[in-house]
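**Q** The chain contents come next:
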Amino acid sequence: SQQGEEDPQALSIQEGENATMNCSYKTSINNLQWYRQNSGRGLVHLILIRSNEREKHSGRLRVTLDTSKKSSSLLITASRAADTASYFCATLGGNNRLAFGKGNQVVVIP
Amino acid sequence: NAGVTQTPKFQVLKTGQSMTLQCAQDMNHEYMSWYRQDPGMGLRLIHYSVGAGITDQGEVPNGYNVSRSTTEDFPLRLLSAAPSQTSVYFCASSAGNNEQFFGPGTRLTVL
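Residue numbers (this note's numbering), protein chains in the order written: chain V, 1 to 110; chain R, 1 to 111.
Isolated chain R (complex conformation):
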């Protein structure tokens, strides 16, 4: 099993550009989440999903969209990138309310 995969590993955007961070898991997990990690802030939940077709907002959802059309994939869309979205983004999946499996992260810089 590949576990949780994320692409790209690194990305540089200009302010106002849009992009999609990809996340996929091959463990048939129902739950998937997106977090951002900033220095001194720990991980903050952006959006999460408890199953295909179901998504909900987390702590910091503004400026991000998600969809969950399949169990495996949970892409995160930045609609119009801003410097405040410079961060490291982690995707995670879990089987219910149990341990979460994290991807390797995407380092995003918005100029």
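Isolated chain V (complex conformation):
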């Protein structure tokens, strides 16, 4: 079954604005990862946050993790047209399986 569920599913923003996506999950995890997929391409890893971490930054990306609420958020600051993509959260449980959510489509309008 799908572990991660992203919210919202589709987001359209102007270039320069911030984009926030949320992900919820149901069972305990070892880590949570965010991936980006450009149209017709494979997934690219963006950032990994471990279950004992609460916040992590990488360039214009900020990820938070709230294990008590079983949720995570991905913030992209100062968005660019090149950020147009689908974004997936994925959770790693104790069974070594990475379970992906259905993805968020983000469109950044120049």
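A portion of the hints provided could be inaccurate.
As the list claims (entries may be wrong) - Below 30 Å or equal to it, Euclidean Cα-Cα: the simulated BS3-like pairs (lysine-lysine) are:
id : chain 1 : residue 1 : chain 2 : residue 2
1  : R       : Lys14     : V       : Lys70
2  : V       : Lys102    : V       : Lys69
3  : V       : Lys26     : V       : Lys69
4  : V       : Lys70     : V       : Lys102
5  : V       : Lys56     : V       : Lys26
6  : V       : Lys102    : R       : Lys14
Just so you know, these hints were derived from the structure itself, not from any lab.
Here the structure is a predicted model, which is why all the values come from computation and not from measurement.
Once you've looked at the hints, dock chain R against the given chain V.
**A** This is chain R only, laid out in the frame that chain V set:
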């Protein structure tokens, strides 16, 4: 490094045909996985392997077989293709439970 490579990029099969999707990685990763991606469904895990000689089923294993005879290669076999297996297939590898590196995908159509 080539990373994760997949062949073929595109394939059309008739119902009942069999074929093997190839996946190779040159990063000496222990973990390798196969996913399928369908519209509105995200990625679903088909099979995975935590090392040579070790494989396990994922969420949607029916109709697919895998083997892992070497660290580098992880082929996915469709035994008797069905239209429900029309999808985009991604192979991925990782060093333990860390970030996964994905191949470019194989678009499969079963008529």
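**Q** Let me make sure I understand: some of the numbered hints might not hold for this structure. Which ones are they, in numerical order?
**A** 1
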